Structure formats: structure tokens, C-alpha cells
Amino acid sequence: MGPALRLVAQRLALGLLLLLMVSVVIFAGTMILPGDVAQSILGQSATPEALANLREELGVNDPALTRYFEWLFGVFRGDLGTALTNNQDILTSIVGRMQNTLFLAFWAALISVPLAIFLGLLAVRYRNRWPDKLISAVTLTSISIPEFLIGYVLMYFIGVQLGWAPTVATVYDGMSLGEKLHAIALPVAVLTLVVLAHMMRMTRAAILNVMQSAYVETAELKGLTMFKIIWRHAFPNSIAPIVNVVMLNLAYLVVGVVVIEVVFTYPGMGQYLVDHVAKRDIPVVQACGLIFAAVYIGLNMVADIVSILSNPRLRHPK
Amino acid sequence: MSDPLVKVRNLKIGATVYPPGERPRDIEIVHGVDFDLAPGKVLGLIGESGAGKSTIGLATMAYGRGGVTITGGEVWVNGRDILKSGLRDVRNLRGGEVTYVSQSAAASFNPAKKIMEQVIEASVEHGKYSRSQAEERARALFAKLGLPDPDNIGNRYPHQVSGGQLQRCMTALALCPEPDLVVFDEPTTALDVTTQIDVLMAIKDAIRDTGVAALYITHDLAVVAQVSDEIMVLKMGDMVEHGQTDQIINAPREDYTKALVSVRSIEHEEKKPTPDPVLRVQDITARYSGTKFDVLHNVSVDLHPGQTLAVVGESGSGKSTLARVITGLLPPRAGNIDFAGRSLSPDLAGRTREDLRELQMIYQMADVAMNPRQTVGTIIGRPLEFYFGIRGSEKRKRIIELLDEIELGKEFMDRYPAELSGGQKQRVCIARSLAAKPKMIICDEVTSALDPLVADGILKLLLDLQKIEDVAYLFITHDLATVRAISDSIAVMYQGKVVRYGTKSEVLSPPFDDYTDLLLSSVPEMRLGWLEEVVAHRKMESAGN
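Line order of the protein sequences matches chains A and B.
Just so we're aligned: 204 in the UniProt record's numbering is position 204 of the first sequence, and the numbers increase by one with no gaps anywhere.
Just so we're aligned: 381 in the UniProt record's numbering is position 381 of the second sequence, and the numbers increase by one with no gaps anywhere.
Treat the hints as calculated values from the structure; they're not laboratory data.
Keep in mind it's a predicted model, so treat the numbers as computed, not measured.
For glycine and all other residues, C-beta sits at the position ideal for the given N, C-alpha and C.
Mixed in with the good hints there might be a few duds.
With a Cα cut of at most 27 Å, we get these calculated DSSO-like pairs of lysine-lysine [unchecked claim]:
1. 113(B) x 7(B)
2. 437(B) x 410(B)
3. 439(B) x 397(B)
4. 84(B) x 228(A)
5. 114(B) x 228(A)
6. 439(B) x 228(A)
7. 397(B) x 228(A)
From the structure, some residues in chain A lie toward chain B, with a derived Cβ separation under 8 Å [to be verified]:
8. 213
9. 214
10. 218
11. 221
12. 222
13. 224
14. 227
15. 237
If we strip away everything but chain A, and leave its shape as in the complex, we get (with noise of 0.2 Å):
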């Protein structure tokens, strides 16, 4: 087995223990949350019998350990149990709820993550000059400012005053693709805005100190256009930071989304996981937890991967 292989081999094995031991955390955690599950259920007027049935009805007073490994192995079986607020299968609302949050992030990563690579190069081309200040200033500040507040300008900017995009971004199924893609508009722009400034920035960089190497030199005096010394010489070089930065940012639009689902009311796993907080839905916060570790280990492992794949050295050793 090559040494790229076994460095695969390991990030995959690496990726899953992680996301085990991120199971430990996610349940340790719900463990110690204040309340008490069946007395918001059944009320603060509910007798002292009623909820002692209750809470042995939801199974809440086993060993703590037991509880983990019942619900380790119904996560690995498909199972992430019953909403203990509604009674109904986790996994079949999450579903839809994931659909959405994913909808809402690829149509965010669709326009970002090309826009900061393009925004990138740009900065390069024109370094130090009026563009790449331009560009610098402005997705700094947008990275600057809380989501939340550009979500609520923007609203009433775009929304309010200029009628352009619905202020609430609610999708439901049966609405054809471009009445959703109207529906996200706001909430797209502002996730793109919180974005753009890390992978723009990585890109200038990365691309920049490749640029300084001695092989981009040697390219310049083969007599090569400035478009093909960037694509041929310097690109395949900067792959590895870039494919970082974008991931993490993906992750972000995955996972970070809580915020803008909420002041979107956008149906999405965020807006789920927030309102089952509320109510002290244990189950629900464990799956949701999960589930955002997953994709958020997932994708980072990918950039891992991306990277160890686009070392030569490691591809082809001696």
C-alpha cells in the first residue's frame, strides 16, 4: 500500500473515532442540561405520580451508560429513537429538515465558494493596487459584522423598502425550484457575505506565496501567458489550502446556520434543533448533534484527504 493510501486509510479510521468520541460529548452533554423533560411535557400543575410514570415511561431513569449504548446502537441500526414531545420518529422529520438545510447551503456554497476563488485570483492579478484593497475591505467588514445583523439590514433593505426578496424564507414541498430559489434569496445573500471573506482571503494567499516560488520564475522565463503560468504552475500548488478553507466554510453553512434559519424562519435542521431545545427534547439535541458533528468531520476529512491526494510526494514516492 503507497504511503498516500495509508494516510487515507488512517484519516477515514482517524474520522471515526473522532465522531464516536464526539457521541460521548454530545450525550455527557444533554446529560447535564437543566429541567426536566417530564415536567415540561406535562406542566408545572402535573402531580408528583404522574410525572414519576412519566419519566419511567421515557425511560430516563436507567444508568446513564445503559441509555448511551442504546442509543450508539440504534444510531448505527438507522434508529435515532422518538421525539419525547410529539412522539414522533426522529429520523423521518429530520429528514425533510436536513433537505432544506442542505438545499439552502449548496445554493450558498454554489455562489460563494466560486465568487471567492474568482474575488481571490482578482486580488491577485491587481496586488496592492485600489481591486485588491477593494475587495479585502469590503469582505472583512462583512465578516465583521454578526449575522444576524446583516440578516435584519438586509431584510429591511431588500425585504422592506425594496420589495425584491420575501423577508421570511419559508419552503414548503410543492413550490417549483424557482419560487424556493426566491424564497432563500435573503438568507443565501447573507450566508455568502459571512463566507467569502475567510476563502477570498486563503485563496489571495495561498495563490500569492506560490507565486513567489522559484518554478512560477522558471515558468515566467519559458516565455508562458500570466493565465497559463497561474492555471498550470501555480493552481495545482495552492489546491490543498484552499480545498481547507473551502471545506470549513462548508461546514459553517451546514452547521453554523442555526442563527440565520432562526431569523429567516427558514424550515431547516437549525430552526428544528432550537426549537426542541426549548422544549428539553433530549433525543432530538442528541441527533441533531450528531448529525452536525458528522458533516462537520465528514467535510474536514475530505479536505484532509484532498490534501494528502494533491502532494506529489505522497502520490508518487521515491
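Fit chain B to the known structure of chain A by using the hints.
Frame of chain A, contents of chain B only:
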């Protein structure tokens, strides 16, 4: 004489410098240089760093590296002034009519692409050859340059071949589009001395066989004497002397050229071994943690008080590892080290402050061995405080004495390392190690990064200080001329073993073992025809190939 291929007139080149704490300003680094180069001729450009030789070489491709711009004059190539040419014409010139071989092929090859792709790129790009014609031509060049397995080496990635081989691949890259002129910019400087010969010979043959003209840039006069028809000596951006190679080497007219030709004129009479060595290294075997092979095998050497032991070998021979073992940075697997009559702890943690004080070290890269935010006074004063507790006016007095010893005045006390030249930095490092009043100093390639004249000054200083302070040097180097100049005894290392050891006169007198012979014969000599003689008489191949 036919029309010159290259005609340079009153070439002026400027650069923007960014001095610390000041506004950026423009300076001129080449002040009006003229030369002609006929087709098929080789012109050597020689000078120390800062002479502007690489800058002039790149100007024949209308290229300025970094913030360098060509500010005036004319550069005619193939009958047109390329400084007035459009971008498209300049692109056709670069990689088509004029090509470039850099000092570090390892850095100049794109690590993500196969060698063949990069070698033929310019030829295909400029439409000189089709892809398959270019590949065929590249394979022929690989064979001509003596590369192993010329049919397949192009399918490898740059990290899969050795440094000497890659430098030949770079030469193939430059010759592939059948240029009229190749600019060789220190093509053998980064190579081991034994590898240098093979690459030099390959380049020389290739130049002769293809009839290409060349600019050969180097700081080593002995090297340029082997390959060039004419030599131009440069200093600080001005031409000093320009003549036939024979005249420059054998009858230099200018004082500066004479100094370059006669560099390394140090005479040092060897001292006899004493019964009580200050350092006795016995049967040291060492390996780096996590590896499965020893990098040192049963190494034993002695260093006598007030004398110099030169440890010489190529890169990878284990000479720097030996220094790491002696300093305690790498505890050996076997063997022991006696120092000043006592046994030294194998690892650093077990050594006393007295051990540390008496065994000092000077490094190759003086500028990274000093804290850039401390003044020279602080740097030299630190060991005085640390080992002797000297403070206040007495410390100041001692620092000034040390600055005098290294031939810098007390005005240097308040300067920062960035304000010193390379040679001055190395002097400060020497003063810092002397401040500890050591019995022995390990000098690890201390002159390798310096220009020949500056290096010569450092070596003279070290010898003078040895007389005054009675300090012993363990002198690690790959440069045999330095070894000849300063050592009392010599250990030749090869693949982790000491292959020859004794006093200087013993080691440097025949009969030689094959490796020492190879090493000694590889040192470039400043006479015409030396290269051919050496290649004809070699007994073994260099490890770098």
C-alpha cells in the same frame, strides 16, 4: 567577426529597497554595463554577491526579479532591442531564443508535474516542435547529459531524482527549444564538490555539441575558467575587467581581479598532536529516532588543545550529525566522549554549566543564529552575564574588548543584526562564542554562505584568535580549500564512517584511498584544462549521481 548575438549597451538596472524604519527608495544596482557576445561563445560573469551578475543575466531575457527594473540602456538580441519589444515578442524570446538555468533546480521545477512535461513545455508552447518531437529531443538531451535511464527519467517527478540529476534536467529544459543563448545562473553552486564536476562537464559538452552561446554566472572563478571563452569581472554593479579567460586567470590587470584570483592565500603551519587531547570521541554510533539505520558508525577522532580538526565530507556524510552528538543534542547509541579530561554526559540535560561554557558553537547561517531584536552589545554580553555574572561597566569594557578582537569597533555595540553585512554577522557570532572563554568551538560550515574574500577574512580571524585565546576548533566543512588553509588534523567522512584520519600532512599526502582521491581531485583549480584532466583520471563515481 560576425554580428554579435547579444549586444548590451550602457545597461542600467534599478531596484526598490525597503530599509527598516525608513521610506522605500529606489537605488541603482547596475551602473551602465556594456558587452557583446558572439554566437556560440561563452561569457563568464563573475563577482561577489551584490555585484549584479544575475541581474544582468536576467536582463538578456528582459526580466527583472522581484522589485528589479531595467532603467536604461539597450539589450540587443538577434538584431532587435528587446527592451523596446512588446509583451508578445518578449514572450517569444523567453523560453525560445534565450533560456535560463537557475542555481536551484530543486526549487525551479514544479513539484506537481512530471519532469518531461516541464522540459518540453517551452518548445511546445513556442511552436518549435510538436509534443512527440520535443519528447524525442528531450530524451536525446537526457542521454547527452549523462542521466541514467534517459528514456524513462522524464516520467518521474522532480522529488524522485537526486540534486545533481535535477540540475542536468534543468540544463535539458534550457537546451530543448534549441535556443541561441542559455543563461546559466550558478548552476553548480548548490551541489557537492564531487557532483559539481560531473554536472560541469555535462554542461560544457552540451554547450560545445549544440553550439549554443551562454552567459555563465558564478562567484567561483575556478569554475568559470573551465567553461568560458571570455570572463567579465563585476563589482557592485560596475564592470571591473573584461578579457579572454586566459588573460583574466593568468594576467589579471585590476587589483580586484588579482584579489579574486589569489583568494585563499592563507598559510598555516600544522601543529603536532599532543598527548592530552581536549576532545576524545570514541566509537560513536548514532541514529535519529524513528529511523532504522545508523548515520554514524564507530566514529573516533581526537582534537588537541589550541588546534584545528577539520571534519570534511559531502552532504549526507554525517559530519553535522557528529556535531550534534558532541553538543549533546543527539545522544549516541554507543561510544563515549571525553572532554577536557572528563567524561561528557551523552545528553544535554546531564551536562553541567561548565560543560556548556567550555564547548561553544558557531553556525553556517549567522543571521538566523542571532535574535534580530537584540543589539550586538546584548548578544555578546549575554554569555558574559550567564556564565560569569559580569554586569555594568565591566561587562561593557569586556564587550568592547571582544569587538576589538573581531576587528569591529565599539560603535557596533548598538547596532542590530539587520544592519550588519554577512561577514560582520559571522564575526559577532564568533565574539559571542569567545565571550564564554571556551576550550573548544564547533564551527559548522561557518564560511559556506560567505563570498570568497569575506570568507578568507573570517578564516584569518579564526586563526589569529586561536593564537590569542588558545581555543581548539572542530571545523566542519565540505570545502577542501578551507581545510587546507586552516587545519592541523583532518577526518574525511563518507557515509557515516571516518575513511581517513590523521595530521594534515598525512591525510593530504599520497597514497590516497579512492574516496579521498575523488574529493581532493574535485576541488576546482584555477587553470585552463583542469576539468578535462580530472574527469579523465577519476577512479570512482560521486555519490550524488
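Cross-check of the supplied hints:
1. 113(B) x 7(B): 36 Å, violated
2. 437(B) x 410(B): Holds. Residue 437(B) to residue 410(B) sits at ~20 Å (cutoff 27 Å).
3. 439(B) x 397(B): 22 Å, holds
4. 84(B) x 228(A): 24 Å, holds
5. 114(B) x 228(A): The hint holds at about 17 Å.
6. 439(B) x 228(A): Violated, at about 59 Å.
7. 397(B) x 228(A): 62 Å, violated
8. 213: Check passed: Cβ of residue 213(A) comes within 7 Å of chain B, closer than 8 Å.
9. 214: 4 Å, holds
10. 218: 5 Å, holds
11. 221: 5 Å, holds
12. 222: 4 Å, holds
13. 224: Holds - the Cβ of residue 224(A) comes within 8 Å of chain B, reaching about 6 Å at its closest.
14. 227: 12 Å, violated
15. 237: 5 Å, holds
The earlier numbered hints that this structure contradicts are 1, 6, 7 and 14.
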